[in-house]
Every structure is written in structure tokens, then in C-alpha cells.
Amino acid sequence: MSELFVELFSEEIPAKLQINARNELKKNIKNFFIENQIKFNENFNVYSTPNRLVLYVDKIPNEIKLNSEEIRGPNVNAPEKALEGFIRSNNTRLEKIFKKSTEKGEFYFFKKESRKIKVSDLLEKNLSEILTKITWNKSMKWANYDLYWGRPLKSILAIFNKKPLNFVFNHINSSNKTFTDKSLEEGLKIFNDFNSYIKFFKQKGILIDQDLRKKIIQNKINEIIIKKNLKIEQNERLIDEIVNIVEKPAVIICDFDKKFLNVPSEILITTMQSHQKYLPTFDKKNNLTNNFFVVADIKDTKGFVKLGNERVIEARLSDAEFFWEKNKTQNLVKQVDKLKNINYFKGLGSYFDKIQRMRKLSSLISDDFLISKDKIEIASSICKVDLMSDLVGEFPELQGIVGGHFAKFQGFDKEVCLAVSEQYLPNGMESKLPKKMYSVALSLSDKLDSLVGFFGINLKPTSSKDPYAIRRMAISLVRLIVENEIKIKLKDLIVYNCSAYRDQGYDFDTKKIQNELSDFINERFKNYLKEKKIRQDIIESTTFLLGLDDLLKAYKKSLCLNKNIKKEIGFETIAVYKRSSNILNTEEKISIETLGFADPGLFKNDYEKKLYKKINDIRKYFLSIGKDENYEESLKILSSIKNEVNDFFDNVIVNDEDIIIKKNRLELLNMLCKTFDNYFNFSKIET
Amino acid sequence: MVYKIKKKTLSFQDTIFNLQKYWSKKGCVILQPYDLEVGAGTFHPATTLRSLGPKPWKTAYVQPSRRPTDGRYGDNPNRLQHYYQFQVLIKPSPKEIKKMYLNSLSSIGINHEEHDIRFVEDDWESPTLGAAGLGWEVWCDGMEVTQFTYFQQMAGVECKPVSVEITYGLERLCMFIQNKKSVFDLIWNDEGITYKDVFHKSEKEFSAYNFEYANTDNLFKIFEMLEEETKLLVEKKISLPAYDQCLKCSHVFNILDARGVISVAQRAEYIARIRELTKSIGKVWIESQS
Numbered sequence: 001m002s003e004l005f006v007e008l009f010s011e012e013i014p015a016k017l018q019i020n021a022r023n024e025l026k027k028n029i030k031n032f033f034i035e036n037q038i039k040f041n042e043n044f045n046v047y048s049t050p051n052r053l054v055l056y057v058d059k060i061p062n063e064i065k066l067n068s069e070e071i072r073g074p075n076v077n078a079p080e081k082a083l084e085g086f087i088r089s090n091n092t093r094l095e096k097i098f099k100k101s102t103e104k105g106e107f108y109f110f111k112k113e114s115r116k117i118k119v120s121d122l123l124e125k126n127l128s129e130i131l132t133k134i135t136w137n138k139s140m141k142w143a144n145y146d147l148y149w150g151r152p153l154k155s156i157l158a159i160f161n162k163k164p165l166n167f168v169f170n171h172i173n174s175s176n177k178t179f180t181d182k183s184l185e186e187g188l189k190i191f192n193d194f195n196s197y198i199k200f201f202k203q204k205g206i207l208i209d210q211d212l213r214k215k216i217i218q219n220k221i222n223e224i225i226i227k228k229n230l231k232i233e234q235n236e237r238l239i240d241e242i243v244n245i246v247e248k249p250a251v252i253i254c255d256f257d258k259k260f261l262n263v264p265s266e267i268l269i270t271t272m273q274s275h276q277k278y279l280p281t282f283d284k285k286n287n288l289t290n291n292f293f294v295v296a297d298i299k300d301t302k303g304f305v306k307l308g309n310e311r312v313i314e315a316r317l318s319d320a321e322f323f324w325e326k327n328k329t330q331n332l333v334k335q336v337d338k339l340k341n342i343n344y345f346k347g348l349g350s351y352f353d354k355i356q357r358m359r360k361l362s363s364l365i366s367d368d369f370l371i372s373k374d375k376i377e378i379a380s381s382i383c384k385v386d387l388m389s390d391l392v393g394e395f396p397e398l399q400g401i402v403g404g405h406f407a408k409f410q411g412f413d414k415e416v417c418l419a420v421s422e423q424y425l426p427n428g429m430e431s432k433l434p435k436k437m438y439s440v441a442l443s444l445s446d447k448l449d450s451l452v453g454f455f456g457i458n459l460k461p462t463s464s465k466d467p468y469a470i471r472r473m474a475i476s477l478v479r480l481i482v483e484n485e486i487k488i489k490l491k492d493l494i495v496y497n498c499s500a501y502r503d504q505g506y507d508f509d510t511k512k513i514q515n516e517l518s519d520f521i522n523e524r525f526k527n528y529l530k531e532k533k534i535r536q537d538i539i540e541s542t543t544f545l546l547g548l549d550d551l552l553k554a555y556k557k558s559l560c561l562n563k564n565i566k567k568e569i570g571f572e573t574i575a576v577y578k579r580s581s582n583i584l585n586t587e588e589k590i591s592i593e594t595l596g597f598a599d600p601g602l603f604k605n606d607y608e609k610k611l612y613k614k615i616n617d618i619r620k621y622f623l624s625i626g627k628d629e630n631y632e633e634s635l636k637i638l639s640s641i642k643n644e645v646n647d648f649f650d651n652v653i654v655n656d657e658d659i660i661i662k663k664n665r666l667e668l669l670n671m672l673c674k675t676f677d678n679y680f681n682f683s684k685i686e687t
Numbered sequence: 001m002v003y004k005i006k007k008k009t010l011s012f013q014d015t016i017f018n019l020q021k022y023w024s025k026k027g028c029v030i031l032q033p034y035d036l037e038v039g040a041g042t043f044h045p046a047t048t049l050r051s052l053g054p055k056p057w058k059t060a061y062v063q064p065s066r067r068p069t070d071g072r073y074g075d076n077p078n079r080l081q082h083y084y085q086f087q088v089l090i091k092p093s094p095k096e097i098k099k100m101y102l103n104s105l106s107s108i109g110i111n112h113e114e115h116d117i118r119f120v121e122d123d124w125e126s127p128t129l130g131a132a133g134l135g136w137e138v139w140c141d142g143m144e145v146t147q148f149t150y151f152q153q154m155a156g157v158e159c160k161p162v163s164v165e166i167t168y169g170l171e172r173l174c175m176f177i178q179n180k181k182s183v184f185d186l187i188w189n190d191e192g193i194t195y196k197d198v199f200h201k202s203e204k205e206f207s208a209y210n211f212e213y214a215n216t217d218n219l220f221k222i223f224e225m226l227e228e229e230t231k232l233l234v235e236k237k238i239s240l241p242a243y244d245q246c247l248k249c250s251h252v253f254n255i256l257d258a259r260g261v262i263s264v265a266q267r268a269e270y271i272a273r274i275r276e277l278t279k280s281i282g283k284v285w286i287e288s289q290s
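Read top to bottom, the protein sequences are chains A and B.
Just so you know, we're using our numbering here: the first sequence kicks off at 1 and counts up by one.
Just so you know, we're using our numbering here: the second sequence kicks off at 1 and counts up by one.
Just so you know, the hints here were simulated from the structure itself, not pulled from any lab data.
Keep in mind the model is a prediction, meaning the values are calculated, not measured.
Do not rely on the hints blindly, as some may be mistaken.
Below, simulated DSS-like cross-link-like pairs (lysine-lysine); rule was C-alpha separation at most 30 Å, straight line [claimed, not checked]:
| # | chain 1 | residue 1 | chain 2 | residue 2 |
| --- | --- | --- | --- | --- |
| 1 | A | K138 | B | K180 |
| 2 | A | K663 | A | K553 |
| 3 | B | K160 | A | K302 |
| 4 | A | K338 | A | K302 |
| 5 | B | K181 | A | K302 |
| 6 | B | K196 | A | K138 |
| 7 | A | K199 | B | K181 |
| 8 | B | K99 | A | K202 |
| 9 | B | K181 | A | K228 |
| 10 | A | K189 | B | K95 |
| 11 | A | K259 | B | K196 |
Simulated restraints, written as ranges between beta carbons of each label pair [to be verified]:
| # | chain 1 | residue 1 | chain 2 | residue 2 | range |
| --- | --- | --- | --- | --- | --- |
| 12 | B | E96 | A | K133 | 46 to 56 Å |
| 13 | B | V261 | A | L307 | 36 to 46 Å |
| 14 | B | K196 | A | L433 | 49 to 59 Å |
| 15 | A | N427 | B | E287 | 31 to 41 Å |
| 16 | B | N179 | A | E430 | 24 to 34 Å |
| 17 | A | K533 | B | V261 | 35 to 45 Å |
| 18 | A | L212 | B | E96 | 23 to 33 Å |
| 19 | A | P396 | B | K279 | 44 to 54 Å |
| 20 | B | A268 | A | D413 | 49 to 59 Å |
| 21 | B | N218 | A | N341 | 28 to 38 Å |
| 22 | A | D519 | B | A208 | 51 to 61 Å |
| 23 | B | E287 | A | N137 | 51 to 61 Å |
| 24 | A | K533 | B | K279 | 46 to 56 Å |
| 25 | B | A208 | A | L212 | 32 to 42 Å |
Residues from chain A that face chain B, not an exhaustive set, calculated with beta carbons under 7 Å [said to hold, decoys possible]:
| # | residue |
| --- | --- |
| 26 | S10 |
| 27 | E12 |
| 28 | F304 |
Glycine residues also receive a C-beta, built at the ideal position from the N, C-alpha and C atoms.
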């Protein structure tokens, strides 16, 4: 048993590309072993540092045995040349060729003897191709070479069974050497196995294994925060990035001047996280503190690193503070007019145009939400002003949030400030969801106006492309409605928004937009239900019955049925329905026109009467509570008809000789199904 | 070691001298700044045009760079509308370029074994030049001090061979070396002259010009004239004078942008117009190279 050990040394590969390259290499090498039927330790790993991509697989046999096999050649009637070619290509002689009959006729055959192949030979032959198969999301060329790689590839070390593998990958010859100094690309050293390699670097404090680096960083941070009584936010993405931009992590705790804590914390956090890859800390009450973590790639023996980073954050925060002080006093209302100069989207006017439409839309929504029309109109008017501020110029990801802070500073109503701050939320499936009605109203009108606009100028996403993230917009809209349990007539809002566009001179086809957008949102809604692990047949039946105006109802019903379908109550309800509808379905072929109600005067026995009465009771129930609000309860009521239905079927023959009586009984069953259909389209449910 | 870390602070001008000497020893042609207003060292024809075509080329130079929108009337310790870049361009990119770069830092007193030098992903794109590259911004203890880029495309043309461009932000670098919080406190020479003495007045006045006084009606006209002139020169197949006119276009656009008279939609249009000019010039240049 042997080990395969490969190191690809390059200039610094960015974190995301590195992670991707690790996965690609792992996949490709695995496929190679499987395709060639070579046994290997399937729990192998690919490691990386910014400069080194390292593959290590052990428990590989040195040789593989290929079983003997009969290879079919040309048909015996084929021209002489074909046979000659067959002999040549198999590197054999005529004496070894024999004839054999098959279903398709008589053919020449050659028996290939079983033989052994060295795995090292196979690797040398295939490694170059395995590396070529790595796909990069972004790659580059350098110097005069034609190779594409994440960053310039400098050398390849390849070892199998402690011996070097020799192959050529583009302009690079593999060897058993690598640079031990990644900075100056010096210190060539021979390695013949993975363990001595790992050990060598470990002694220099360099950790090749990313998981180990992660653990060490996290442990060190935890140690410090416990001592200092601090907290950090769990930010996997940032941690994973940090882990992959260092090879010998050194956690350093730094601080900045406390005066900066007067600047809104989101600005400070963004500066630290996205610009500098620092980890901010919080106190036990979740307030941001002036301590932060730097993960350096060098031991800070002289204190330069800490000092330098503190100076950098100081300069950056001074900048942010300067803009904050300047922007916060700039009157939001007075700036609204300037939005005329800012294009919202080509073909959809300026931001000023957009907020006019949003104002109309949100004010209509406010009637449904029972919130103040004045307040939501104010929020709509000022919500985009922050786009013109220096701060959003510097921190585009803080649009809205910054506007909320300006509004707060300028004394706007609390709910207005929050609405401005949360106007872009939620942003997709995972993002935070606004809960306050003003926020929901503003976000809803922003998103709906965008959707209508994009559909109006025909920029609908295609199956493969969605450059304006319109899908995400729609799914966010669905979440706003469903998760906040809002009853709203979306169709009316779409029509109303179209008319707002038309008032501004846009030639929008309201009917077309309404149809297309409804379908689109419905599709998103189905996806949403799928994400919530609702059964596909339930999704189909709810969305079949309930349209865009009933998203909340559809959601709740789906949830209720999904929960109960395997339970007795769900099972029985469906059974009752299916039993009735099956008869109807077969009988319908004989074409009986149903009236929609049965005639009690034609009932021949108590079973019919009881069933009739029960159906009417249920109908009354649904009417009395203004349709079915309590879906669990409704389901219970529906299932309670079980006895009447079973008695009916056990004692009554629907197929009576008298066609009038038969028809009346079918009408009765039809009433039953219709009653059930009101609640749910059970016919689509699979049992 | 030739460049000993001296006890005394390395002045702004000494930093430049050291870098020039260092890259001169590496075989670079040491050029002087281009005599037109440009937004970055990359715009110097010794980079843009010379990075096109098959001929090898090595150069290093200081380039005063103007970014009118970054002016702060000399009030902000970190922002200037006029600043210096030290630019290195080598085609084809040499194998040992990282080592060369790290040693250049040693020549100005930054030892990579004592500082946290990081190559942080930063892909570069210049819409006006029709250019794109992959590389890093180099951080020194968290401070960005250099842009390090492998050109993949210039003037809309794929680079073959690929050049490497190293751009040092001289003020940033010196603030780091001299341990200053404000750019204006930088020591310019050994006589105690500061950056403020040399440039503060200029920052103040140019900010006023860029933001308040530039005559935008005229500038719009000038832009048109320059654009026309560029096109004419491209037709005459003289790429270098054509490129000069194009650079002037670019600067006029930058001032108009700073004056806030260009809307977002217009902005994209102007950038596209300049890019078209650059592309046509690049074509003429490449033809003249073969």
C-alpha cells in the first residue's frame, strides 16, 4: 500500500478560488481512482494554504491487476485490412486470433491476458489531465504561458510510494522538490512523503490543514474573549475566508479609540469585517466594543502588526466618522428633489419617479395594514435619499441602514426610521425579515414596484440568467406576506402600480404584466413551499385552488395538511374524499349533468338523509366562521363525516336501477366533494 | 545589504530615489512622469500602449495622478485629488516577481519578516481603458500599500505576453514608513520640508476648481473637440498623439464628474465613449508593432 502526495505551489490564491480548487481536485482524483478501479482510502483530504494546494491519498495498491478479457474484432466477412488493423492495434499475432459466433454473426476475437499495471505509471500518464480538469471560477494567464490557473503556478511536487512521479503539466515539470519559503520562493527542499512534509512545516508554525487552522484560530479567540468578558458574532463566511488567507495564523487583539463608538455600529462593523477582515467584538449586552481581532500571518514579535492595524482602523474610522458627521445633518426632506438626477434603472426613470410610485402603493397598503398613511408616505419619500450620501458611496452594502440612522438623527418617527432602515429586507430566503408593519409596507412596495417595472420593460429572468436578482425579489415578497401573516390582494396592487407607471408616461400593458407576474410569483411561492419541505402534491393542490391574493391561506393550508397527512385525521379525510370522488369519476363518463345539489325528497333511506344532513352541517360551519380560518379545526370537521360516509357506502348502492335515484345519489356525493374542495383540492393528493 | 535600514526617517523623496535605484538595477527603463493629467500611473503610455503587443518591456516611473472627486480641500488626512504613484511594468511577467517586489520593500525599510505582508485578492478593471487584470492589493500590517496586477486585457485586446504591473501608493507607503497619521505631515526631504509645505495650497485650490469653478459648459465642448481630434488622429494612424488627446478627454470627464453635472446614465455613456477611443488607438498601436 502506498501514498500519493501532490503539492501545487503558486502565488497567493484567493480564499474562494482555493476552496473551489480543493473540491475540484478532490472530485477529479476520486473519479480517476474509481474509473481505473484502483482502491484508495476514500476518507482522503485535500488541503490548502494561499500558496499550496496539497493532495494526500493513502492505502493505494502499487499495482492493479487487469483481468483477462475477450476483445471483439471485425466480422469474419470484413475485408482483410480490418483484421490486420485489429491485430496491430492489439499488438498481437494472427495465431492468437480466433473466431466465435455471437448473436450478431461470426467475429474475430482476441483474448487479452490478465496483466498487471503499475499505479505510478497510470498516475504519471493521467495527472496532467486531472489537473487540467480543475475548473476555476476566475483564472488567469501569466508571462508567455498558455496555462490558466487561479494565480501563477510555480512548481509541482508529486510523490507516489516515496518516489517522485514524473510528468509534464503545460510548462511545468513535476519533481520531488518545493519552495519552503513562500514569500521569496526560495529554499528548495526534497520531500518524499507527506508526513515529513507536514512535520517540516509544522515546525515552522505553518499549518497546511485548513481545518486545523480554523480550530486554532477559534480556540485562541475563545480564550481571549472569555478572559475579557467579550462575545463575537458567529460569522462562518468571514472565518472561512480568514482561515484561507493565512498559513500560520496569529490572533491579535487590538483596539480603537472609544470615541468612534458614537458612529452607528453597522458602519464600524462593515469597516472592520468587509474592508479589513477583522472580527469585531461585543459586550454581554451585545453592544459593539472597541476591541477587535486581527488574524495575522506572522508572529508579531516586535508589535509592528498590532500597531499597524490599529493605525489603519483609526484612519478608516476617521473617514467614516467624518462622513457620518457631514451627512447626518443634511436634511433628508430637502434632498428628495435631487433624486431626480439619479437614475433608478434604464427605462424605469429616476429614483424620484420610483419613490412617487412607492408612495402611492404604500399608502394603499396602509389601508389594509391599518397604519398611518402620513407616516408611510413620509418613509417612502425619504427612503432613497441616503443613496446620495458619501457614506453609502463608501459603504454601498449599508444602503437603507444608513438612511435609517440619518432619519433617527433628524428626529423622524421611530417607525419611519425603522422602515427606512429595513426597506431592503428580506433579501432572499435566509435573510432577516422585518416584522413591523411600516417596514413591511415599505419593503413590499419597493419590491413590488421593482417587479412590475422589470416585467414592464420585459427584463424577466430566464431559466439560466437572472442578472437583476428578480427571483430573489419575488421570494422576498412571498416571505414578507407569508411569514408576517398578511392578507393582501396582490393582484390589485399590481394593477394599481401599473397605473402609477402609466401616470408617469410608461406604456405598460397592465393585463400582460398582471398575468406574467402572477405566474412568476406563484412559481416562486411553490419553490418557497418546497423549501419549507411541503410535499409536492400538496403544493400542487393548494396553488391550483388559491391564487396570488391568497398566498397566506395557501401557505397555512399547505402547512396544516403537510403536518396531518400521515396522521389519522388527514388520512381519513382523504380516504373519504377519494372514495366518493372515485365513483363520481367513473360515473361521469356516462355523462350525468350535475345540478350541484341533491333532492332530499328522493332519498330512500336514513343513510342518505344522515349524510345529507352532515354535509349541510359542515357547509354551515364553513359559512359561519367566515370561511375556514382555523385549518386544523376544519380538517377535523371534514374528517368527522367519516361514519356517515362509510355507512352510506356500506348500505347504499349508488348504482340504482332507477336512473333518477342513482342521479340523486351521485349528486349527494358531488355535494360532499364540493364541500371538501372548498377547503382543499384533495383530488391531486396522492395516497 | 545595500539598503540598510537607517535610523533616520526615510523621506518622501528618498523613498522615490530608493525605488528608482532598485528597479533600475533590475533592468527597468526609469522614465519621468508623463506630462499630462492622468488618473493613475497605468494611463502613462509606457504602460497602456507598451503592455500591448509582443515586444518585451521593463519600466519604472513616478506618476502624479489626479482624481478630482477625491479632493477634500486639504482637510482630510487621507484623501488628495493629486497624489503620486510609483509604477513598475514588466512584460512578460518574470518568474521571480514576488521576490523582486518584497526586496523592493526592503529597499525602503520594510522587512517582510517583521511585518504582516499579505496578498489580498483584488481584481482590477478600468472601464475607460477597456482593461482588466487579476492580482492583489498588498497589505502591510493591514494597510494597503501596493496594487499588484497581471494584465489580462488592455484596450479591449487580450495581452500576450502578460505584463505585470506594480503600483505603489507613495503617500500611503510613506505614511507607513514614517509613522504619520496625516499625509500632510510627511517629511519630504532631510531639510524638514513637509508634504503640507509642498501641496496643501494646491489641494485647497484645485478642490475649489474641481468642485466649484470649473466651467462646465466649456468643458463639455472641450470634450467633444478632443474626442473628434482623437478620432481624426486614429484615422491618420498616429497612435501616440491620438492617445494624448484621449487622456485629455478622460481628465475633462473626471472634472465634469467631480462637478456633479454628469448623471448616472450619462456617466456610463461617457465612459463607453472614452473606451471606444482607447480601443481604436490600441488597434493602431498594435498594427505599428508588428
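Exercise. Is it true that K533 (chain A) and K279 (chain B) lie within 46 to 56 Å of each other by Cβ?
Worked result: This hint holds: roughly 53 Å between Cβ atoms.
Q.
Holds or violated: the 46 to 56 Å window for the beta-carbon distance between E96 (chain B) and K133 (chain A)?
A. About 29 Å separates the Cβ atoms of E96 (chain B) and K133 (chain A), which means 46 to 56 Å is violated.
ask   = Taking 51 to 61 Å as the hint, is the beta-carbon distance of E287 (chain B) and N137 (chain A) inside that range?
value = At roughly 35 Å between Cβ atoms, N137 (chain A) and E287 (chain B) fall outside 51 to 61 Å, so the hint is violated.
Worksheet item: Do the alpha carbons of K199 (chain A) and K181 (chain B) lie within 30 Å of each other, as the hint requires?
Response: Violated, at about 43 Å.
Can we keep the F304 (chain A) interface hint, with Cβ of chain B closer than 7 Å? 6 Å, holds
Please verify whether K181 (chain B) and K302 (chain A) have alpha carbons no more than 30 Å apart.
20 Å, holds
Exercise for the section: Please test the hint of 49 to 59 Å on the beta carbon pair from K196 (chain B) and L433 (chain A). Expected result: Between K196 (chain B) and L433 (chain A), where Cβ atoms are some 51 Å apart, the hint holds.
query = Taking 24 to 34 Å as the hint, is the beta-carbon distance of N179 (chain B) and E430 (chain A) inside that range?
reply = Cβ of N179 (chain B) to Cβ of E430 (chain A): about 44 Å, so the range 24 to 34 Å is violated.
Q) Does the structure keep K663 (chain A) and K553 (chain A) at a Cα separation of 30 Å or less? A) Violated. K663 (chain A) to K553 (chain A) sits at ~34 Å, over the 30 Å cutoff.
Taking the closest Cβ pair, is S10 (chain A) under 7 Å from chain B?
It is violated, given that the least Cβ distance between S10 (chain A) and chain B is near 11 Å, above 7 Å.
Satisfaction of hint between K196 (chain B) and K259 (chain A), Cα-Cα up to 30 Å
27 Å, holds
(Q) Given the hint of 28 to 38 Å, is the C-beta distance from N218 (chain B) to N341 (chain A) inside that range or not? (A) With Cβ atoms ~21 Å apart, the hint is violated.
Consistency note: the structure conflicts with the earlier hints numbered 1, 2, 3, 4, 6, 7, 12, 15, 16, 17, 19, 20, 21, 23, 25, 26.
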